[in-house]
Structures are given as C-alpha cells and as structure tokens.
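Student: For the sequence shown, the working numbering begins at 3 and goes up steadily by one.
These are computed hints drawn from the structure, not numbers from a lab. No residue lacks a Cβ here, since even glycine has one placed at the ideal position from N, Cα and C. Warning: the hint list may mix true and false statements.
What the hints assert, rightly or not - Listed next, with one range per pair, are the computed distances between beta-carbon atoms: (1) Ser-122 x Lys-188: 23 to 33 Å; (2) Glu-170 x Thr-139: 11 to 21 Å; (3) Glu-170 x Ser-150: 20 to 30 Å; (4) Thr-52 x Ser-77: 30 to 40 Å; (5) Trp-108 x Val-219: 44 to 54 Å; (6) Arg-39 x Phe-117: 31 to 41 Å; (7) Ala-41 x Thr-215: 42 to 52 Å; (8) His-73 x Gly-147: 33 to 43 Å; (9) Ala-161 x Gln-218: 20 to 30 Å; (10) Gly-48 x Asp-128: 11 to 21 Å; (11) Thr-52 x His-73: 54 to 64 Å; (12) Gln-218 x Met-160: 31 to 41 Å.
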Amino acid sequence: MKALTTYGTAILGLLLIGLLVRFTEQKHAERLVEGLRVAVHPAAGGNFVTAEELLAEINAETDSFRGNYLHEINSALLEEKLEAHPMVQTAEVYFEMNGQVYVDVWQREPILRFFDGNKSYYWDTDGRQMPLSEHFTAYVPLFYGTPSDTAELYGLVMALRADAFCCEYISGISEVDGDYVLTARKGKHEIVLGSADGFEEKMERLKLFYDKTLPQVGRERYSKVNLKYAGQVVCTTN
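Input sequences plus hints: build the corresponding full structure.
Tutor: Spelled out as structure tokens, the structure:
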C-alpha cells in the first residue's frame with residue numbers, strides 16, 4: 003500500500019511539473035517582444051559582417067518585431083534567412099522570459115584567398131566560395147589563378163591549415179607546370195611540393211631542412227627548395 007502511495011505521489015508530481023512547464027511556455031509565448039539582440043561570433047580573428055548590419059536586415063525583412071508576441075516569431079524561418087547571408091555559417095534564434103529575442107550568429111571561416119584575373123574571393127572550411135568583406139581581411143594563404151583540381155587543392159589547404167609549422171611559414175600556393183609551389187613567408191625561396199601526395203612526409207623533410215640547414219646558410223641563400231623527389235631536398239641557389 004505504501005509503495006502504491008509513493009508511486010501515485012510521483013505520478014502526480016510529474017503531472018504538476020508538466021502543467022507548470024506548459025503554463026510557463028504559454029505565458030512566455032504571450033509576452034510582447036521587448037527587443038532584439040544580435041551577437042556575431044568572431045571568425046578567423048575578426049568579423050566579416052557586423053551585428054548592426056544583420057539587425058538592419060532582420061528589421062527590413064520583418065518590419066521590426068517590436069509590438070508582436072513571441073509566439074508570432076517564426077524562429078526557424080528567421081534562422082534560414084540569416085544563414086542565406088554570404089558571411090553566415092549558422093544562426094540560432096531563441097527567446098527569454100523578459101521578452102527579448104536573441105540571435106547568435108556564427109560566421110563562415112575562410113581558409114584560402116584566390117586572385118583569379120580581376121576576381122578575388124575566399125574558400126571557406128567547406129570549400130565553398132565566400133566573398134570578401136569590407137570590414138575585415140582574413141590572414142590566410144593566397145592562391146593565384148584557377149586550380150586544375152579543386153578537390154585536391156582543398157585537401158592540400160586543409161592539410162596545411164592543420165599543421166602549425168605550415169601556418170607559420172607558408173603564405174601562398176600556386177600551380178606551375180602541374181606542380182604545387184608553396185610561397186615561404188620568410189626568405190626569398192619557393193618550395194616545390196610537386197603533387198599533394200605524401201604531404202606529411204614532404205613536410206617532415208622541409209622541417210628538418212629548416213631546422214638543420216637554413217640556420218647555417220641563411221634564408222636568402224636559396225631561390226628554390228624542391229621536395230618532389232622521394233627522400234631528398236634539392237635546392238637551387240640565388
């Protein structure tokens with residue numbers, strides 16, 4: 003009998019909690035919108051779009067939320083519209099009991115900047131084109147021209163990005179006669195990678211060369227450091 007009483011009390015407690023939650027949600031939905039706040043999370047060290055710009059776009063689309071009820075806001079549709087912005091990766095819209103509508107925005111993150119004829123644009127972490135921003139310029143490697151194999155180049159850029167040594171020492175990528183050529187951030191030499199195959203092993207050779215040889219001869223000694231050939235570092239002097 004005692005067990006049945008305890009069980010019944012637990013069920014009643016759960017029902018009361020459910021009713022309370024439902025009542026709270028209903029009162030929440032019946033609140034008027036008191037304000038709209040947009041937060042833009044930095045990407046690549048800066049902001050490609052400002053909260054003020056996004057707020058202006060939201061207000062232009064909705065003719066302002068102020069005076070509406072919270073339940074009248076289609077948060078999924080608003081997120082979809084924000085994610086259609088060329089600088090936005092994802093957006094999250096949520097409400098608070100005080101009537102405030104909050105919008106959190108995460109930006110797309112560039113990994114490479116292209117200079118292709120009279121055009122310039124980024125690739126983002128998904129390998130999609132991303133326009134430049136008037137607010138911020140990303141500190142990413144540069145690529146001149148049109149890649150012959152976008153999938154291979156994307157894989158190479160992601161590998162460079164994941165390597166701390168490459169992030170510090172490599173400032174650009176180009177294609178010359180079918181070979182990938184890396185631009186050194188320090189010194190006056192270029193690094194001939196060849197294909198993207200065996201990237202990790204080639205970088206190990208380059209790191210060893212940078213650690214052991216360059217300190218002895220100086221960074222200005224060579225014009226070209228060639229990693230194409232297995233197990234070798236072939237240099238051309240200035």
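Student: If a hint holds in the structure, say so; if it does not, say that too.
Tutor: Results of checking the hints against the structure:
no., hint, result
1, Ser-122 x Lys-188: 23 to 33 Å, "24 Å, holds"
2, Glu-170 x Thr-139: 11 to 21 Å, "19 Å, holds"
3, Glu-170 x Ser-150: 20 to 30 Å, "27 Å, holds"
4, Thr-52 x Ser-77: 30 to 40 Å, "22 Å, violated"
5, Trp-108 x Val-219: 44 to 54 Å, "46 Å, holds"
6, Arg-39 x Phe-117: 31 to 41 Å, "38 Å, holds"
7, Ala-41 x Thr-215: 42 to 52 Å, "49 Å, holds"
8, His-73 x Gly-147: 33 to 43 Å, "53 Å, violated"
9, Ala-161 x Gln-218: 20 to 30 Å, "28 Å, holds"
10, Gly-48 x Asp-128: 11 to 21 Å, "19 Å, holds"
11, Thr-52 x His-73: 54 to 64 Å, "29 Å, violated"
12, Gln-218 x Met-160: 31 to 41 Å, "33 Å, holds"
In this structure, the hints that do not hold are numbers 4, 8, 11, in rising order.
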